[in-house]
Every structure is written in structure tokens, then in C-alpha cells.
Amino acid sequence: MTHHTAFNRDRGKHLMRSAIIYLVLAAGALAMLFPVYWMYMASFKDEFYSTGEHMVWFPPPWEAKYFTLDHYRELLSRTGSKTSGGTDNFIDATVNTAIMTGVGTLGNILFCAMAGFALAKLKFRGRNFILMAVVSTMMIPGIMLLLPNFAITTFVLHGYNNFAGLIIPGLAGPFGIFLMRQYMLSIPDELLDAAKVDGAGIVRIFFSIVLPLSTPIIVAYGILLVLGFWNELIWPMVITKDLVVLQMALQNLVEIGSQRMGPAMAGAAISSTPVIILFLIVRKQFVRAMTSGALKG
Amino acid sequence: MKKKSQDMAGNGISAWRKREKLAAIFFLFPALLLIAVFAYASFVITVIMSFYKVDWLSEPTFVGLANFSKVLHYDLFWKSLANVSVFVIETVGFGLVAGLFFAVLMEQKIKGVGFFRVAFFMPLVISAAATAWIFRLIFGKGYGVVPVLVTQVTGWISDLTIGGYHVGHLLLSGPIVLDPLGDPRLAMTSVAAMSIWGGLGYWILIYTAGLRSIDPGLYESAMIDGAGFWRRTLYITVPLLRPVILFLSITGIIRAFQLFAILLIIPPYGGTPGGPDDSTQVPILLIYNIAFSQRDFGYASALALVIFAILLVITLIQAKVGKLSEGAP
Numbered sequence: 001m002t003h004h005t006a007f008n009r010d011r012g013k014h015l016m017r018s019a020i021i022y023l024v025l026a027a028g029a030l031a032m033l034f035p036v037y038w039m040y041m042a043s044f045k046d047e048f049y050s051t052g053e054h055m056v057w058f059p060p061p062w063e064a065k066y067f068t069l070d071h072y073r074e075l076l077s078r079t080g081s082k083t084s085g086g087t088d089n090f091i092d093a094t095v096n097t098a099i100m101t102g103v104g105t106l107g108n109i110l111f112c113a114m115a116g117f118a119l120a121k122l123k124f125r126g127r128n129f130i131l132m133a134v135v136s137t138m139m140i141p142g143i144m145l146l147l148p149n150f151a152i153t154t155f156v157l158h159g160y161n162n163f164a165g166l167i168i169p170g171l172a173g174p175f176g177i178f179l180m181r182q183y184m185l186s187i188p189d190e191l192l193d194a195a196k197v198d199g200a201g202i203v204r205i206f207f208s209i210v211l212p213l214s215t216p217i218i219v220a221y222g223i224l225l226v227l228g229f230w231n232e233l234i235w236p237m238v239i240t241k242d243l244v245v246l247q248m249a250l251q252n253l254v255e256i257g258s259q260r261m262g263p264a265m266a267g268a269a270i271s272s273t274p275v276i277i278l279f280l281i282v283r284k285q286f287v288r289a290m291t292s293g294a295l296k297g
Numbered sequence: 001m002k003k004k005s006q007d008m009a010g011n012g013i014s015a016w017r018k019r020e021k022l023a024a025i026f027f028l029f030p031a032l033l034l035i036a037v038f039a040y041a042s043f044v045i046t047v048i049m050s051f052y053k054v055d056w057l058s059e060p061t062f063v064g065l066a067n068f069s070k071v072l073h074y075d076l077f078w079k080s081l082a083n084v085s086v087f088v089i090e091t092v093g094f095g096l097v098a099g100l101f102f103a104v105l106m107e108q109k110i111k112g113v114g115f116f117r118v119a120f121f122m123p124l125v126i127s128a129a130a131t132a133w134i135f136r137l138i139f140g141k142g143y144g145v146v147p148v149l150v151t152q153v154t155g156w157i158s159d160l161t162i163g164g165y166h167v168g169h170l171l172l173s174g175p176i177v178l179d180p181l182g183d184p185r186l187a188m189t190s191v192a193a194m195s196i197w198g199g200l201g202y203w204i205l206i207y208t209a210g211l212r213s214i215d216p217g218l219y220e221s222a223m224i225d226g227a228g229f230w231r232r233t234l235y236i237t238v239p240l241l242r243p244v245i246l247f248l249s250i251t252g253i254i255r256a257f258q259l260f261a262i263l264l265i266i267p268p269y270g271g272t273p274g275g276p277d278d279s280t281q282v283p284i285l286l287i288y289n290i291a292f293s294q295r296d297f298g299y300a301s302a303l304a305l306v307i308f309a310i311l312l313v314i315t316l317i318q319a320k321v322g323k324l325s326e327g328a329p
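Chains as they are written, first to last, in the numbering used here: chain E, 1 to 297; chain S, 1 to 329.
For reference, chain S alone in the conformation it holds in the complex (with noise of 0.2 Å):
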């Protein structure tokens, strides 16, 4: 009685672990499905259409690395690249800074904190197009915002009269004449600054969550000892988020480098993404263009492993400074 039971059990057990493994069989099947074809199978399928011809009307064609020389032949690809770290650059330098400097204003003791999360972390929901859009109407030469207000201030300026004597155009000869999207000097800057509007509350949630991850502590002990707000800035809260910061940088540029949906909305009418002048030609409206309008998807396909070539060793570079600096003292 008592040997039949354990069999028993032990049969219980070895049936359970059978029925485990067709379980996990049938719980992974479908994301396992998913994540084999849309990500395993579609790189190799993008490695491999890289070495042909392909427009998907006519028989594929082996043309070895000539895609891989034509792209780096390519003129508008190295513009596209200096494009890009312009607006990498500009976004991640600018979310860095005033990311933290917002944390940490907005971790002090102080009523109403809640109000300025709300504001701060709103533009996070809106799409890329509806900003996009909305900037147009801010930018826009004549009509914007901006550029309005730049004409009225600077033409004041320009008119100021003092005692009798006209001083303004001795600063300004005249209002100017702001074209934040059409001036190809400064168009990257302005889709820049749209970009830094929807995700700057990014960058400030991730910094306030290692801020609140830090030992209070180790500010009252360099409080006791003297140290100002900035010193303990400087010595405590930035070496201390060394790991954030890491992490904000490879993050950034990478959202970087997928800035697309902006860029479809803001050309002014009868201009094309890209422009003016190719200004803020990006290396995935490239990849786009060439796949969809020139149906060349194997061109297509050698630019996004180049793009990823890239992504790639800047990620590894940045995790390797990174590490360095951490064993430092």
C-alpha cells in the first residue's frame, strides 16, 4: 500500500513535468512564432537581400558588395549621417543637461510639484505627426509664432529711438525675418527642437528614477561638511548617475537615428521630405525612398546593416567608456 503510493507520486511527478514541457510549448508558441519570423528571419532576410538586386517584379539578381560601395559612394549618405549627428548632438546634449537640471528642481521640496509633472511629461503622449503639425504652426515662416514674434521684437529694436537720436539700426538694420523649416541652416535645428519637446519628460523621468535610487544620506553627511547645492550636485548626484547617463546616451541616439515621422509633415507645400536643400535628409528617409519610391530594396537593404553597423559600435564604444569610467575612483 504504502510502495503502490509513492509509485504513485513518483508517477505524479514525471507526469507533471511532461505536461510542464507541453505547456511551455504551447505558452511560447505564439511569441516565440512572432519574434523568429518579424525579427530572426527578417534580418537574415535583409543580410541576404543586401547582395542582390531585388524590386520584387522581376527574378532577383546576385550583384556581390555593390550595394554595400554604392551606398558608401553615395554623397546625400554622408549628409544624411552629418544630418543625423547634428540632431543627435543637439538632442542628446540638450536632453542630458536639462533632463537633470529639471529632476533635480522638480526633487526639491516644493508645493505643487504634481502641476509641473503633468506639464512636463505631456508632450510624451503625443504622436510624432500631431507634433509635427503643431510646430509647423509655431514655426512657420510669417505665420508662426515664432518667427512673428522674432519680426515684431527685432523691428522694434531696429526703430528704437533715444533722446532724439536713432540708435536701433546701429543694432539692427532691420525686423528679421525668421524661416525656422525653409532656412536650410537652421531646419535640423527646429525639428531638433520639436523632438526635444516630446521627449524631454523622458529624459527627466529616467534621471528623477536614479535620483531617488541615491542614498539621502550621502548629501546630509556633505551637507554637515559643508558642501552647497552645487558642489553636491557635482560630486555626488552626477558621478553617482554615471549608469543613467550611460543609458540615456545609447537610448538617445538610437531614437535618434529613427526620426522619420516628423520629417514626412513639415516639408511646406511642393516641398519633399528631406529638404530644404537636403538639410535634414536622415539616413531612414534614404532607406525609405530608395525602397519604396525606387523599389531598390537590396540598395535599400545594404544602407539599414550599414546604419546598424553604426548603431552597433557606437553602442559598444559608449558600454565600454562607460565601464572604464566606472572602475576609475
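One chain only, chain E, in its complex shape (with noise of 0.2 Å):
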């Protein structure tokens, strides 16, 4: 009998605090999703009742006169001229942006996984010196080298307002190519030892052995690649000025003097909707990628 009550004593308390946690939780989650929701909200919504007191939180979506496609018709139709700078054409920034991001990944994750393999698996004089030179520029913070790789770019490459300045600075990274080596480690000695035999090229043991058995690592670092070109704002914005890309173009919604925020959530919703798409299929490799960094550096 006594053993009985205090089971369901136990198990008061259990529930007790499984629902505090709950609670706890539940108004984090609220605080990260409302701006999400908000953001979608007012890209569809007509002004009106996305502001002031006569906001509507939850509109029904039945009630048609809520709602508008307005915002985004404006976004994609806008003809900002080339030359004021004031473009700010979604479709031209988005379809920048995808080449952008898709090149740069590409070319980082190739870039990358050859000097890892390289310094991983091949042996030669010199590669702790060189794993040493490149790991530690990582200390060097980029606001560093804005202005020098401008200057570079510029003068030296003839980048300014084109794809090969945007896009060539970001093909190779000191943190890529540390994680690729850090995982190509791990592949064992025998595999390439086999392949070595039976005649294959260091070209061909690269890419028909190492990169297939590197595919975990290249996800992680290609999704991380993916966020940080698509959402890359500074280094378009010194190193072009018609080729708009999506972060650009919401920041020309301030310079061009709009404060209307209809349009801004739309624009909004166009650069987060890829990239949120993206997250939700990729959650537990995006997870892996987050903390790839952190528990070996």
C-alpha cells in the first residue's frame, strides 16, 4: 500500500517535471519560429495588417482580404538601372546567386579535398610545415583581409564585377582543407596500397577510392559552403556593383531608400526559403557540419 503511493508520488513528480520542461522548451522554440512565421506572414499579407494596432496575428487563410501577392510581384518585376547601383532585380540576384554559391562550392570542395589528400596520404618533404602554414592563417579574422583582397582582385585579377572576382577568392579555405585532411586520415593505407598495385595513378586513387570514401566529410563541408555562399554579403558588396547577388539586393532595399516592409519580407522569404528547404532535409548531416569544427580545432 505505502509502496503504491509513493509509485504514484514518483511519478507525480515525474510528470511534473517532464512538463516544465516541456513548457520551458516549447516558449524557446516559440521565440525562434515566430520571426520565421512573422516573415512569411507579412511577405503574404497586406501591409496593413502586418503593422501597428490593427495587426492581425493569425489571419485565416480563408479570408482573402488578407492577403496579396503584391510584395512579390514588385521584387521580381523591379528594373532598378544597372548603373545608379540600385538594382535590385530578385530574379538576376537569385539566379547570381545560385552560380555563385554552385561554382564556389564545387570548385572549394575540389580545391580543398586535393590538399587534404595530398597532405593526409601522400608523402613529402615539408607537408607539417605546409599543414602548419595553412591552419594557422584560420587565426587571422576576415575583416583583416577585406581590403587587401579587394585590392588583389581588383588590380591583380581584373575581378571587380564579375563572376571570377566574386567567386575565385572563396574557392579554398584553410578550415576545408584541414577537415578533408583530418578525414582522409582515417582511410586506411591498405585500400591505396591495393590500388597502387594493380596500377592505378595517384590521379585515379584520388578520385575513384579517396573522394567516394570522403562523402560524409564533403556533405558536412558542402552544406556548410552552401549557407556561407548563399548568405555571403560583405564580399559581394565591395567586389561588384551590377552583379546583384540575393544579400545584396536586400540590402539595396535600405539604400534605395524603401522602407516599405512588404517587399523587404518577400525578399526575405526568397534568400531564407532555399536555405531552410535545404536545413530541413539535411538536419542531421548540418548538425555534423556545425560541430565538425569544433571538436578538433
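Please note: incorrect hints may appear among the correct ones.
Stated by the list, open to error - With a Cα cut of at most 20 Å, we get these calculated SDA-like pairs of lysine to any residue:
hint	chain 1	residue 1	chain 2	residue 2
1	S	Lys21	E	Ala133
2	S	Lys70	S	Asn289
3	S	Lys111	E	Ala19
4	S	Lys109	E	Leu15
5	S	Lys53	E	Ala151
6	S	Lys18	E	Asp193
7	S	Lys109	E	Asp10
8	S	Lys18	E	Phe124
9	E	Lys241	S	Asn289
10	E	Lys13	S	Glu107
Simulated from the structure, these hints should not be mistaken for laboratory data.
Take the two lone chains, each set in its own frame, and fit them into one complex as the hints suggest.
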């Protein structure tokens, strides 16, 4: 009998504890999700209902009077003059961003994987020195290098206002090389030796054995690269003028003095939707990618 | 015959070594070239430029340490450091505490934790520019969710009447009109709030990885000894997470100094980045303006180097303190 009530008391305590945990987590989740909800809502709502005392928090989807597609229509049909620097056509911007992200990500993966392979699996003098020289550049914050990189890209590479200048400086990084090298160290030498005996050259070993075996790290690192390129504002801002990418287009909405929230939210939604979908698809790999830098670095 | 095959094998090995060297050059070349140019050469150029007056239009002139003394005598530079310090304290302080708090909660055995993970990690993928726009809509004076709610709630309180007595005005003289982005006292904190929203998931993620590396046996034996949840957290979790906390605070400070995109988006119509009243002015904005608006690249480089030195010193001190406290019992 006493045993039974003790059990009930414990169970009650346990339920109470879970309820508090759920409540706190739900409050946190609400704070995290509300801005995203509000962005999408405001992008589809008549501005009158998104702001001020007349804002409608949960407009019923079947009430047509709340909703409009005008904000999207406006952004996609905009034809700002290219020479004034006020370009913010979001179709152009999306295409440019996709090109930068695609080429940048693939190129960066290839170059970092190549360097990582050499540092992990090839034997040559100065290997450790090169690794140290690469890794130590991680200490330098990005802002430090912004001005000289702008100068080098503009005057040496003639990369001002074109895709070359936009993409080339981002085609390799110390973090990626280090990540690839660490992962490739775990590939057993016996596998590579066996391929050598079969007469495979080093280039073939890299492409047909090492790269496929490195898929997990390539995917994880690739996710970080896609997010990095897609969300980059500063470098495109200094190195191009007419080659507008999405983040610049968002920033231009401020510069041209448009203070209207509807179009801005539509722009934010256009920029965020692809990366949110990506995130929902690759949740697990995303978590691995985000922690990969911390655990070994 | 036997001898010949041995020779061949020997030649094969040395030939392979040679090929391996050539291959190493081939595989390293693209990435190393990029790093040599965009990190090493870049760094050297920054150092050199900081001793010159450079505007890319006329011949650079050597000015010695003038750029550095200009930085140290620039009032706005010190103000920007103070602003960024406020931002660092708010974001790193909140991240360290709330990150651990939510990480611990999500590691409890509860159902539906996947949903909470999605909710907390989603802001990580949203760009700073989009974040800034969203929070303009949330924080905007007179139209944003937060000021509108504050005005409504404080309005009710100040109108509060109990039993015919108007007691509300004893608490509040009237509704409060909040201007999170336009009030110099609030602006930097509002920016910190946006940044925390965008980054909290990262702190949780890193803490979670740290929590999972702790031996569960430690908790079990502590529970047998009768240690409650808080004691376990304070005496087992926090000390064992010391390296994680160190990592998070160093990278948190470095990331805080890179704050930039949000500041470009939030100024209201007619305002400039860094406002109101220079309350959100930060070093990187100064570097950007000096370089690209005033075209004084030498001065901007000197400023960048000073910031680099500050970050380096902070990192070294933190690493040292971390090592020392790790050795302590």
C-alpha cells in the first residue's frame, strides 16, 4: 500500500518535471519560430495588417482580404537601373547567387579535398610545415583581409564586377583543407596500396577511391559552403556593383530608401526559403557539419 | 633473373616516390596558391599599407606610424570598442548560459525533441541581412510587434482601475512608447537580441556535443550518492565542459567583432549605419567606411591591425586562463 503511493508520488513528480521542461522548451521554440512565421506572413499580407495596432496575428487563410501577392510581384518585376547601383531585381539576384553558390561550393570542395589528400596520404618533405602554414591562417579574422583582397582581386585579377572576382577568392580555405585532411587520415593505407599494386595512378586513386570514401565529410562541409556562399553579403558588396546577389539586393532595399516592409519580407523569404528547405532535408548532416569545426579545432 | 626483379622493384619504389612528389605539387597547387595570395600576401599588404597613405588614385606616400596614432586618437574608435564590448558581453554571456540551459533540457529523455531541435537550429541558416529585416519589422517603433505590444500592455496597466480607484497611474504615468532601434540606449542591445536569435542554435549544438562526450557513469554514481540535478550540473557538467566553454567564448568574441551585415540593414529612412548617435558604431563599420567612402586604405589597414592585435591578445589570455584553471584541482 505504502509502496503504491510512493510510486504514484514519484510518477507525479516525474510528470511535473516533464511538463516544466516542455513548457520551457516550447517557449524557446516559439521565440525561435515566431520571426520566421512573421516573415512569411508579412510577405503575403497586406502591409496594413502586418504593422501597428491593426496587425492581425493569425489571419484565417480563407479570408482573401488579408492576403496579396503584390510584394513578390513587385520584387520580381523590378528593373532598377544597372548603372545607378540600385539594381534589385530578385530574379537576376537569385540566378547570380545560385551560380556563385554552385561554382564556389564545387570548386572549394575539389581544391580542399585535393590539398587535404596530399597532406594526409602523400609523402613529401615539408608536409607538416605546409599543414601548419595553412592552419595558422585560421587565426586571421576575415575583416583583416577584406581590403587587400579587394585590391588584389581588382588590380591583379581584374575581378571587379565579374564572377571571377566574386568566386575565386572563396575557392579554398584553411578550415576545409584541415577538415578534409583529418577525415582522409582515417582511410586505411592498405586500400590505396592495393590500388597501387593494381597499377592505378595517384590521380585515379584520388578520384575513384579517396573521394567516394570521403562522402560524409564532403556532404557536411558542402552544407557549410552552400550556406556561406548563399548568405554572403560583405564580399559581393565590395567586389561587384552590377552583379547583384540576393544579400546585396536585400541591402539595396535599404539604400534606395524603400522602407516598406512587405517587399522586404518577400525578399527575406526569397533568400531564406531555399536554405530552410536544405536545412530540413539534411538536418542530421547539418548538425555534424556545425560541430565538425569545434571538436577537432 | 632474381636480381633483375629486385632491381625493378627498387626502381619501381623510387619512381613511385618521384611520382608522389610531383602529385603532391599538383594536388596542393590550387589551394596553396589561393591561401598564399588571399591570406599571406593579403596580410603582408595590410601591414605594409598601414604605414602608407593609399587611395589607389595617387602614388602611395610613406607616413610612418601616423595611421596608428590617428587610430588611437580617434574618439569614434574608442566608442566603437565600447559598443562592441557591450555586444560581446550580451551575446557571449547569454549564449554561454542559455546555450547550456537549452542543451541540457534537450538531452533529457523526452519525446518530440526533434521538433525542438528544428526550431532552435533553423535560424542558423537564415542570413544576417534577412534577420535584420525581420527584426526591423518586429522592433520598429509604432509598427513592430514588440513596441506595439509594450504600448498596449503598459497602456492597460496605467489605466488600471480597482473598485473605482484609478491605481494604474501609481505604477505608470502612461503607455510606454518603445523604440528599440532608434533609442541610442537600446539600439546595441536590440542588435544583440537579433544576433542571439540567429546564433543561439550554435551554442546549443556545441554544448550538446560536449554533453554527449561526458561519461554517463559519472552521473549515475553521483545520483547514487544523492546529488540532485543542480548539484550534478554544477559539480560534474560545468567543470567537464570547461574546454567547450573556452572554445565557445573565444569564437564568440571573434564572431562578435565581425558583426556587420545587420548594422547595414537596420537604419531607418535617412539614418546611416552605426546610428543612432553612433550607438551601434563598431570597428568593422569604421574600417569599411574609411576604406570605401573616404578611400583612406592605409588608415583602414592600421585600424584592422589594431583590431587583430586586440583579438589575438584576448585569445591568448583566454587560452592561458583556460589552461591554468584546467590544471587546478
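Hints versus structure:
1. S:Lys21 <-> E:Ala133: Holds, at roughly 19 Å.
2. S:Lys70 <-> S:Asn289: holds (15 Å)
3. S:Lys111 <-> E:Ala19: holds (11 Å)
4. S:Lys109 <-> E:Leu15: Holds, at about 12 Å.
5. S:Lys53 <-> E:Ala151: Cα-Cα ~15 Å, so holds.
6. S:Lys18 <-> E:Asp193: Roughly 16 Å between the alpha carbons, so the hint for Lys18 of chain S and Asp193 of chain E holds.
7. S:Lys109 <-> E:Asp10: holds (16 Å)
8. S:Lys18 <-> E:Phe124: holds (9 Å)
9. E:Lys241 <-> S:Asn289: holds (17 Å)
10. E:Lys13 <-> S:Glu107: Answer holds: Lys13 of chain E to Glu107 of chain S is near 19 Å, not above 20 Å.
Of the hints listed earlier, there is not a single one the structure fails to meet.
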